[in-house]
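**Q** Protein chains in written order, with my numbering: chain G, 1 to 336; chain P, 1001 to 1336; chain B, 2001 to 2336; chain A, 3001 to 3336.
No wet-lab data here; the hints were simulated from the structure. Idealized CB from N, CA, C, for every residue including glycine. Hints should not be assumed to be uniformly reliable.
[Stated by the list, open to error] Stretch-level coverage of chain G by chain B, calculated; a stretch enters the list once three of its residues show a Cβ under 8 Å from a Cβ in chain B:
hint	region
1	31 to 40
2	69 to 79
3	109 to 120
4	207 to 218
5	271 to 281
Protein chains: 4
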Amino acid sequence: MMIIMSMEATPEQVAFVNQRVIDLGFTPHPITGEERSVIAVVGNNPIELQDQFAILPGVDRIMPISRPYKLASREVQPENTVFPLNGFNIGGEQIVIMAGPCSVESRQQLLETAQAVKEAGGQVLRGGAFKPRSSPYTFQGMGEKGLEILAEARDLYHMPIVTEVIAPDQVELVARYADVLQIGTRNMQNYPLLHAAGESQHPVLLKRGMSSTLDELLMSAEYILSHGNQRVILCERGIRTFETATRNTTDINAIPVLKALTHLPVVLDPSHSTGHWEYVTAVCRAAIAAGADGLIVEVHMHPELALSDGKQSLKPETFAEMVRQVRTIAHAINRE
Amino acid sequence: MMIIMSMEATPEQVAFVNQRVIDLGFTPHPITGEERSVIAVVGNNPIELQDQFAILPGVDRIMPISRPYKLASREVQPENTVFPLNGFNIGGEQIVIMAGPCSVESRQQLLETAQAVKEAGGQVLRGGAFKPRSSPYTFQGMGEKGLEILAEARDLYHMPIVTEVIAPDQVELVARYADVLQIGTRNMQNYPLLHAAGESQHPVLLKRGMSSTLDELLMSAEYILSHGNQRVILCERGIRTFETATRNTTDINAIPVLKALTHLPVVLDPSHSTGHWEYVTAVCRAAIAAGADGLIVEVHMHPELALSDGKQSLKPETFAEMVRQVRTIAHAINRE
Amino acid sequence: MMIIMSMEATPEQVAFVNQRVIDLGFTPHPITGEERSVIAVVGNNPIELQDQFAILPGVDRIMPISRPYKLASREVQPENTVFPLNGFNIGGEQIVIMAGPCSVESRQQLLETAQAVKEAGGQVLRGGAFKPRSSPYTFQGMGEKGLEILAEARDLYHMPIVTEVIAPDQVELVARYADVLQIGTRNMQNYPLLHAAGESQHPVLLKRGMSSTLDELLMSAEYILSHGNQRVILCERGIRTFETATRNTTDINAIPVLKALTHLPVVLDPSHSTGHWEYVTAVCRAAIAAGADGLIVEVHMHPELALSDGKQSLKPETFAEMVRQVRTIAHAINRE
Amino acid sequence: MMIIMSMEATPEQVAFVNQRVIDLGFTPHPITGEERSVIAVVGNNPIELQDQFAILPGVDRIMPISRPYKLASREVQPENTVFPLNGFNIGGEQIVIMAGPCSVESRQQLLETAQAVKEAGGQVLRGGAFKPRSSPYTFQGMGEKGLEILAEARDLYHMPIVTEVIAPDQVELVARYADVLQIGTRNMQNYPLLHAAGESQHPVLLKRGMSSTLDELLMSAEYILSHGNQRVILCERGIRTFETATRNTTDINAIPVLKALTHLPVVLDPSHSTGHWEYVTAVCRAAIAAGADGLIVEVHMHPELALSDGKQSLKPETFAEMVRQVRTIAHAINRE
């Protein structure tokens, strides 16, 4: 960290801070400028320490140097994390397309959608059994019954399942049915849940919090990685901004930035990041063009009857057309 | 809701939408303007329904009319919710001051701070035993041992305890020790936790999510209220914006807006909303002047040694001075 | 507009509002719901009127129905605006690439860059002569001398020029040299400047304000269009959000949303929207894949010596590679 | 500045950067950590230089140390800037209240309002003659005629006038009538206007841009100060965030932060920062409690007939009551 002294700091204050760095076992590098002094502190200094120095007399502010995540960092692991899922490689040359309804609403609905997704070229089936809904008065998901239906669809169509888990004590149950555990945007900083998902050793799809920085997303990934669970997929799903024309703002920058900062696979969820099906295909093309490793898209047989997120779901034929367009983009940038 | 047809919608599309409203058991009120048609739908129409209409051909967009929360609304309950806590009334004429360290770090630290808070005029003791920290490598709290220390402080100084609970299966444990359950900013939309807190029938301090709208805060309160638990305190703790001079942006508008929209008590946390102790006292004065029912403030005997949030903690003497100033402001607006 | 009455509004208040609508010459459509009344007002009602109703007793809030822009709207003009620039069509099938340095720094620098841009396949040369800089102590541009150099480059390389104008009384001067007037992000709501640009009848590249909604961008375009100047190009250049990993957040949603709402051409500026040259090429690909009509990109022969924006400028060889990649994407979606 | 090398930087890259610092005439202080090297560069290094280093091979990122403003900084001038206006001191112990209509609409309207403001205890009269409106179809102000009416009101009621100027070539005209030039939120980074206002040597009320950081606000003040014009009043008027319950978010933190960073007077505009008259009084109390030097408030005799901003204007009696409440708060914190 850098300890920036204020312009009015006295030499005694600078000396006191310097001594304190030494007392705590670190090596200070004091630098005397024309305007002010700066003390560089070398070594791994936790954020608590930074806060403790921030309030010493004569200190203007602290600047951290190290990034707070290690295991997730490409500086630590330069090569991409690639792992197989049902014979398919996530994070490699192939583009993965995960699709399905927002919620599992019935056996028939899910099986029909699974078939449509499969036929259109999707590789992973998504569908929510436990739904975090902002209103207590709306459909909250089918629960374990929904998981059973998902498992049936997997067996029928040979597609791995990704589904959301919303509480730490549910992880075991959901992991029994699902191939990939989804941690949703509202739970990106639900640390007990991150712990439980880390311990499960199941692949995890970790969605960015709707107002989380990319550094915070990587810190949450670090929670999972620090339990020895290497199979984490990061998901950009739009962030909250002042713009109201769309449900969220798709942060397309996040794709190249994450690919630079981390070795983990990165996918994009255009359904939530736009909130309107009419914009989904364009944003899917953009995501792949920007270098995303895949997509997770909402598909519904009859969006006008959906129990949740109908407005942002693609119909099967629109989904199939999107897959075709995305494939062309993928070839244009030499991916499959 | 209002169904706004697009300017190019055909008469057939308008008729189709109108008929569908009828088919679903609602009453449509079609209005034909110069530019476009609008169909008003009277009655309680859930958000799913709105999404379903949003995608019908010829529909431009949907505008909801009803607010999605009921029990939390001042339209439904005009008089303030006031409830006693240790002989003190929350939500009434009195201003409540909750204070204490970010984390319980040791028995000595907590007891000393509790005494200082009591002497300076604080009414409720805060302190975290389970800490949601963004890094897996930082201090995560003392756990149940911390709760025991908090309970000891309560008995010694006759101050009720507010402490954070971060997982649904912890609620019972924390409720055994704490007088008020705190639900933190990262958990405002942790619905299993809101359910569990609702069922506990314990008073709940619900912090606004760092990027949650006031409507979303009230929806989360609705989750708790819908379990018959009436004792919910709302807490503004700063929101995330582009401004980086402070840790968060204190949304002071939230105080009068919440007091207008809901009957629930509203307090402000200036420690997190500013992130720097130098700004805390000014924002405390502002909160009370704006009509807040209380404050929750971080106090530490030795901020330069704190294991978390030292930068934003007041020392006991600064805290005591803040209480004096706030008392003057309270009298100026005829509160205690 | 819709006048939403509050739940406690009395019948007298509803009647009063209704009568006032009539008195002002509009037709009210009162709708009585279970919870509250709503009065729909048909016809073009300006925003002042909405504000005036908003404060009448018993009124909860006002919801506008009409969009505030007309000439810019695709509802009013369904077909794309396409116009020629130096034999090249903007807004049609062709993708336009505008490139050049942030600032004109010297004759040699500009001519070299112009040649490099031309050879790599760029169609329009950009370069700033008048620079809006946030610090009074930094390089403010070469002024008219810069315009002369730009004109020389145009004649030498047969490329039209786009350059920024920052004050209304400069429009005439800049229009004498430039083919396209650029209105920068800080001036999107500089109405005297929009007026002057509208009256000039010169093509205008209008950049989105860094915290402007798309509706506000279209309102600013409306200012120019309302002077009979039809040749307006909209430019997404990133918006300001909480994310600090990049200089701005590229709102890729803006591309399909603007293409749906308006008939005007839409281009993207990845240099400002990312702030770092390493991310520029990925975002260029994304923009074209999302349906943008072109790009405006910063190119510098020696970014490490640039007097402004060096960090986000492409070197000529990186620019040429970007153009190649973008061309492949364009073909993949059947554009040139 | 601090040049943070990446973890993989080679010793040659570190040496190259170090040499370049020397070549440019600065003194490098290289620090070798366990993870990475950092090179501290002492002295005033402009932002261009930082950008130039940012892109050298092996450099991870640059961290500036110095604040970019000097004249506006309290580090440079510790004592408050206080200046008289019509016998009243701005920036001292006294609280200044500026009030009046959003727009001058007629002679009668303005004179009546001026009288009401005067009688209620306001010290400065506000009113817009040139209005920056987001729609070209709404009332744009009375222009010079409005200035004449303002001047008449000043003479009649002995109140100085603050009014907005929106173009550099208007400054001379407006300065002929007005006592304080207002630069509005959309023009905070209109540099030609800042230059002209600086040269005029007239007091300036500078409003924060709706998405400007406090550092950017101070940089814009620096533009004016750098022309030798010392009389600048800063105005917080709400920032743009995701919250839609209010027109803007009042950043109350800005008050104590600005008082710490700068010696310039700071006032708050609660009319724009809330957008609704019902919240104005509470936010006025909060602003004064937080340490603001004054308020600028919209007052209208008949808000329901206002040609602009009626929703957020106080009626004279509400304004008078607000002044009474604010006076009580001011006394409570020992101000007048």
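**Q** Take the hints in turn and mark each one as holding or not.
**A** Hints, verified against the model:
| no. | hint | verdict |
| --- | --- | --- |
| 1 | 31 to 40 | violated (count 0) |
| 2 | 69 to 79 | violated (count 0) |
| 3 | 109 to 120 | violated (count 0) |
| 4 | 207 to 218 | holds (count 4) |
| 5 | 271 to 281 | holds (count 4) |
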